[in-house]
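S.K.: Could you build the full structure based on these sequences and the hints that come with them?
Numbering-wise, the sequence shown is residues 7 to 279 according to my numbering.
Hints are supplied without guarantee of correctness; some may be wrong.
Said to hold, decoys possible - Calculated lysine-lysine pairs in the PhoX-like style (CA-CA distance at most 25 Å, straight line):
(1) Lys-117 x Lys-134
(2) Lys-63 x Lys-77
(3) Lys-77 x Lys-50
(4) Lys-63 x Lys-50
(5) Lys-163 x Lys-117
(6) Lys-137 x Lys-263
(7) Lys-61 x Lys-29
(8) Lys-173 x Lys-225
(9) Lys-163 x Lys-152
(10) Lys-173 x Lys-163
(11) Lys-163 x Lys-134
(12) Lys-61 x Lys-49
(13) Lys-152 x Lys-117
(14) Lys-225 x Lys-117
(15) Lys-77 x Lys-62
(16) Lys-49 x Lys-62
(17) Lys-61 x Lys-77
(18) Lys-173 x Lys-137
(19) Lys-50 x Lys-61
(20) Lys-63 x Lys-49
(21) Lys-152 x Lys-137
(22) Lys-117 x Lys-173
(23) Lys-77 x Lys-49
(24) Lys-50 x Lys-62
(25) Lys-173 x Lys-134
(26) Lys-134 x Lys-152
(27) Lys-163 x Lys-225
(28) Lys-152 x Lys-173
(29) Lys-225 x Lys-263
Said to hold, decoys possible - Derived CB-CB ranges, DEER-like:
(30) Asp-269 x Leu-164: 32 to 40 Å
(31) Asp-104 x Leu-48: 32 to 40 Å
(32) Leu-79 x Thr-211: 26 to 34 Å
(33) Leu-72 x Leu-164: 26 to 34 Å
(34) Thr-30 x Lys-137: 48 to 56 Å
(35) Val-267 x Trp-53: 35 to 43 Å
(36) Thr-243 x Ile-169: 19 to 27 Å
(37) Leu-72 x Thr-211: 19 to 27 Å
(38) Ser-107 x Pro-32: 38 to 46 Å
(39) Lys-29 x Val-208: 52 to 60 Å
(40) Phe-38 x Ser-228: 52 to 60 Å
Don't read these hints as lab results, they were simulated from the structure.
Quick reminder that beta carbons are idealized off the backbone N, C-alpha and C, glycines included.
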Amino acid sequence: MAENTDALAETIEIKNLPGMTEKTSPVDSDLFAVGDAGAATLKKIRWSNLLTAIKKKIAEWTFDTLNTTDKTLPGGLNELRKSAYRIDDNLYSLGAVDLNSDTYWNPGLWKCPTGNAGNVQHIPITGKSFKLIVEAVAGETMQTLKYRDGCIYCRMKLSNGTINDWKEVTNDTLDAAMKKRIIVGNTNDCMIVVTNQTLSFVDGTATFNAKSIGTTYGKTISNVLAQIKVAGGTVITSSTVSADGTVSVRAYNIGAKAAYVGDLVCTIILFLS
7 MAENTDALAE TIEIKNLPGM TEKTSPVDSD LFAVGDAGAA TLKKIRWSNL
57 LTAIKKKIAE WTFDTLNTTD KTLPGGLNEL RKSAYRIDDN LYSLGAVDLN
107 SDTYWNPGLW KCPTGNAGNV QHIPITGKSF KLIVEAVAGE TMQTLKYRDG
157 CIYCRMKLSN GTINDWKEVT NDTLDAAMKK RIIVGNTNDC MIVVTNQTLS
207 FVDGTATFNA KSIGTTYGKT ISNVLAQIKV AGGTVITSST VSADGTVSVR
257 AYNIGAKAAY VGDLVCTIIL FLS
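M.R.: Rendered as structure tokens:
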């Protein structure tokens, strides 16, 4: 092995690399000299193949500092994409599109003007402008439609790919103890919608205890979604519920590029099971 290494070193030394003309912008077909440690000889490699090998190596590396389950760069980015909410001041317009397509089940926010609303497929009300909000819920996804006249519809896409029917969030018809709350679903699994809930955010986080709502129905709050009534350049980035029923909501101010501080009037959707 030592002889092979010495032979390789001698072969490299006779090449006058410092005296060569430098090329600062290599192209794919350019050739580089590489020492083949196994054969103790010089060989050539194309710039394109070298880049491919580097890209493959970087993709395989694991980065322990990533706060994701998958520690590789491609896996971590894909994991974040599945749970990330599109944060953008510019809302996207819908044309002749199908709301059942995968594009509109990715977390995000779109706006559809009246002129395009008649072209949208699989929608509960046609011909009216609306906002489409898509959020991830424990491995499943929910679409929420907010029409300009105040009508709100929700539906879920389950982890097996099944898309539930649209359910209208209607005016509150429950007793006084459930003021501001709307129930959508059946006695087994349902959503409780708490409207006009003021949350006070400190360093981007606000909390409130919703355990009593689950107790009213003898159920456990399995998940939660929070939406801002009047966004004004602020978005909800996450909403979670702990075992004791404490709901935690995080908000981000796009204009200030910082965690939101202050009060927000929100709609809180609680999932009971």
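S.K.: State for each hint whether it applies.
M.R.: Consistency of the hints with the structure:
{"no.": "1", "hint": "Lys-117 x Lys-134", "in the structure": "11 Å, holds"}
{"no.": "2", "hint": "Lys-63 x Lys-77", "in the structure": "14 Å, holds"}
{"no.": "3", "hint": "Lys-77 x Lys-50", "in the structure": "33 Å, violated"}
{"no.": "4", "hint": "Lys-63 x Lys-50", "in the structure": "20 Å, holds"}
{"no.": "5", "hint": "Lys-163 x Lys-117", "in the structure": "20 Å, holds"}
{"no.": "6", "hint": "Lys-137 x Lys-263", "in the structure": "23 Å, holds"}
{"no.": "7", "hint": "Lys-61 x Lys-29", "in the structure": "22 Å, holds"}
{"no.": "8", "hint": "Lys-173 x Lys-225", "in the structure": "21 Å, holds"}
{"no.": "9", "hint": "Lys-163 x Lys-152", "in the structure": "18 Å, holds"}
{"no.": "10", "hint": "Lys-173 x Lys-163", "in the structure": "13 Å, holds"}
{"no.": "11", "hint": "Lys-163 x Lys-134", "in the structure": "23 Å, holds"}
{"no.": "12", "hint": "Lys-61 x Lys-49", "in the structure": "21 Å, holds"}
{"no.": "13", "hint": "Lys-152 x Lys-117", "in the structure": "10 Å, holds"}
{"no.": "14", "hint": "Lys-225 x Lys-117", "in the structure": "35 Å, violated"}
{"no.": "15", "hint": "Lys-77 x Lys-62", "in the structure": "15 Å, holds"}
{"no.": "16", "hint": "Lys-49 x Lys-62", "in the structure": "21 Å, holds"}
{"no.": "17", "hint": "Lys-61 x Lys-77", "in the structure": "16 Å, holds"}
{"no.": "18", "hint": "Lys-173 x Lys-137", "in the structure": "16 Å, holds"}
{"no.": "19", "hint": "Lys-50 x Lys-61", "in the structure": "19 Å, holds"}
{"no.": "20", "hint": "Lys-63 x Lys-49", "in the structure": "21 Å, holds"}
{"no.": "21", "hint": "Lys-152 x Lys-137", "in the structure": "5 Å, holds"}
{"no.": "22", "hint": "Lys-117 x Lys-173", "in the structure": "20 Å, holds"}
{"no.": "23", "hint": "Lys-77 x Lys-49", "in the structure": "34 Å, violated"}
{"no.": "24", "hint": "Lys-50 x Lys-62", "in the structure": "19 Å, holds"}
{"no.": "25", "hint": "Lys-173 x Lys-134", "in the structure": "17 Å, holds"}
{"no.": "26", "hint": "Lys-134 x Lys-152", "in the structure": "10 Å, holds"}
{"no.": "27", "hint": "Lys-163 x Lys-225", "in the structure": "22 Å, holds"}
{"no.": "28", "hint": "Lys-152 x Lys-173", "in the structure": "12 Å, holds"}
{"no.": "29", "hint": "Lys-225 x Lys-263", "in the structure": "38 Å, violated"}
{"no.": "30", "hint": "Asp-269 x Leu-164: 32 to 40 Å", "in the structure": "35 Å, holds"}
{"no.": "31", "hint": "Asp-104 x Leu-48: 32 to 40 Å", "in the structure": "58 Å, violated"}
{"no.": "32", "hint": "Leu-79 x Thr-211: 26 to 34 Å", "in the structure": "29 Å, holds"}
{"no.": "33", "hint": "Leu-72 x Leu-164: 26 to 34 Å", "in the structure": "29 Å, holds"}
{"no.": "34", "hint": "Thr-30 x Lys-137: 48 to 56 Å", "in the structure": "50 Å, holds"}
{"no.": "35", "hint": "Val-267 x Trp-53: 35 to 43 Å", "in the structure": "51 Å, violated"}
{"no.": "36", "hint": "Thr-243 x Ile-169: 19 to 27 Å", "in the structure": "25 Å, holds"}
{"no.": "37", "hint": "Leu-72 x Thr-211: 19 to 27 Å", "in the structure": "23 Å, holds"}
{"no.": "38", "hint": "Ser-107 x Pro-32: 38 to 46 Å", "in the structure": "42 Å, holds"}
{"no.": "39", "hint": "Lys-29 x Val-208: 52 to 60 Å", "in the structure": "56 Å, holds"}
{"no.": "40", "hint": "Phe-38 x Ser-228: 52 to 60 Å", "in the structure": "57 Å, holds"}
When the structure is compared with the earlier hints, violations turn up for hints 3, 14, 23, 29, 31 and 35 and for no others.
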